[in-house]
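Trainee: Sequence:
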Amino acid sequence: MGITFLEDGYSWSTQLAAQGLPLPPGKGIVQRLAGTHVYASEVPVTSEWEMGFRGARIEKNLPPFLQNFPDIWKDRVWELDMGLNYFETYDTSGKSIQELGQYLVDARTFHKRAWEIHFEMMYPLLANYLGFYGVCGELNIDPGEISKFLQGYDTKILECDRGLWELTDKVKAGGITDIFESNEAENLNDALKGDSRASAWMTDFNEFLQNYGYRTEGISDINLASWIEDPTSPLGTIKTFLMKEESHDFEAASKESIAEREAAIDAARSKLTAEEQEKFDGALGSCQHANFAWWNDEHNYYIDLRATIPMRMACLALGEALGCDQKDDTLFLFYPELMDVVNGGKSISDFTQLIQDRRAYYDHWEAKRPTMPKVLGFIPEEVADPIMIEIFGMHHHFFNAMKAEGKDVQSLTGVAASKGTVTGKARVLHSAGELHKIEPGEILVCEATSPNWTPAFSKIAACVCDGGGTLTHASIISREYRIPCVVGVGLATTVINSGDEIEVDGTKGVVTVFKNQ
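So in this note's numbering, the last one in the sequence shown is 731, and the numbering has no gaps at all.
Don't read these hints as lab results, they were simulated from the structure. Yeah, the Cβ is synthetic: ideal placement off N, Cα and C, and Gly gets one too. Keep in mind that the hints are not guaranteed to be accurate.
Stated by the list, open to error - Taking lysine-lysine and the DSSO-like style, the derived pairs with C-alpha atoms no more than 27 Å apart in a straight line are: (1) K651 with K582; (2) K541 with K588; (3) K651 with K386; (4) K588 with K384; (5) K469 with K673.
Claimed, not checked - Computed Cβ-Cβ distance ranges for the label pairs, DEER-style: (6) G499 with R271: 41 to 51 Å; (7) N614 with T635: 21 to 31 Å; (8) M616 with R271: 32 to 42 Å; (9) E398 with E352: 54 to 64 Å; (10) E398 with P584: 43 to 53 Å; (11) N614 with E313: 46 to 56 Å; (12) S712 with Y576: 21 to 31 Å; (13) K617 with E293: 43 to 53 Å; (14) E313 with K384: 32 to 42 Å; (15) S645 with E460: 28 to 38 Å; (16) V244 with A581: 25 to 35 Å; (17) T635 with H610: 16 to 26 Å; (18) V244 with D554: 25 to 35 Å.
Sequences and hints are given; from them, build the entire structure.
Mentor: Below, the structure written as structure tokens:
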């Protein structure tokens, strides 16, 4: 069932947005599968005439979008909220198979629309940022300073993080710390429900879940349970928050981030002539008005971590109504196969063996995640699609690292995403499944992060990612949490093992691996 995201989101929606803007050098993204692992590639525009034709159109279309972005996004949030409210409050109990089938059809329609909105916003915001980046280059502004100009704005994701810390403080105030200390994350929900001392706290926690619990530990992955379905992750995160001597000071971090932003802007302007300042101010004002760095975290609350959940709810309800051996059996059917069962063309029993085989196939390939190559096929010198550059981190640092794979690497170079230098113990993760187990002071090493990883940033010492650019999630959130970060190093999860001592220099963009010295 997860293939629907590749169809509706990753392929259709990127291509629709790239065509509608249009994006001059590319027509969106296509994918290839190696087992269950997805590899992406751009669809390049090869005709010089077409590139110029598309360039003329974006020059006309982009300015009004940027000027009206706050109102456009407000309208899209209204649309998303309306859909989410319907699907998240839909009562599947007692519904017929046909009714549940229609719920699934509607949920997929909403899912597709959500991802259309996603890339409708992302491409023009990124195009504007890259234009600003170019202006800064012309004005000889340090590239490492540019991302600071857009930091320091609050988001729904940070709002959720503050909620988790408020709940942590209430654990201490309520005298129930011992429940968290004596239970593994997987057992905490039952332990808290079974202890009368925690009843008031659980009321607060359940209220928190109603506001923030419709999110998963991965982007648009229908196989992942939401927090409201399985609260292991937020409870485990609170458990590790309790290990810190002091709560994270969000207000101080925010003030520091804003002060750094304003100081960076003032420093950049001070080196420019009056004419150059006017050019800089115009480009900066446009980027702050239509701020990709802010939106790239904000939108995840509505789309990336949430829009797939209604489809999962529909599939699980159908699995139960159809009498499946496991209610998530339906997730191992393709969408047309499940709809064929709903419409009476086939029986779910016709797929029993196939579902078992696909479960085994899925488990086999998921276990190979740590050893899967970062790229397949020919390694290019560069790509043109802005999403692949800034979000996936497909830049020269990454490609150079790919060419060095297999060598004895003691130092990794990437994008200097957030300043500072830290030495500490690495914790390597290939998915967010064990994110709540990260201990305070460890250095997170991963392929990439998304907003579901954000709570960990208030306890880690630094972050290193295989992929990413200055506007990828890890970069943005590291600057907000005031920790060093280097992204786009390519081989961090291959070269570094959990427990290794490493140094992260987020100012220079260098990661040193001491285990090889």
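Trainee: Decide, hint by hint, whether the structure agrees.
Mentor: Hints and how they fare:
no., hint, verdict
1, K651 with K582, "21 Å, holds"
2, K541 with K588, "33 Å, violated"
3, K651 with K386, "19 Å, holds"
4, K588 with K384, "42 Å, violated"
5, K469 with K673, "19 Å, holds"
6, G499 with R271: 41 to 51 Å, "24 Å, violated"
7, N614 with T635: 21 to 31 Å, "22 Å, holds"
8, M616 with R271: 32 to 42 Å, "34 Å, holds"
9, E398 with E352: 54 to 64 Å, "55 Å, holds"
10, E398 with P584: 43 to 53 Å, "23 Å, violated"
11, N614 with E313: 46 to 56 Å, "55 Å, holds"
12, S712 with Y576: 21 to 31 Å, "25 Å, holds"
13, K617 with E293: 43 to 53 Å, "44 Å, holds"
14, E313 with K384: 32 to 42 Å, "40 Å, holds"
15, S645 with E460: 28 to 38 Å, "29 Å, holds"
16, V244 with A581: 25 to 35 Å, "26 Å, holds"
17, T635 with H610: 16 to 26 Å, "23 Å, holds"
18, V244 with D554: 25 to 35 Å, "27 Å, holds"
In summary, the structure is inconsistent with hints 2, 4, 6, 10 from the numbered list given earlier, while agreeing with the others.
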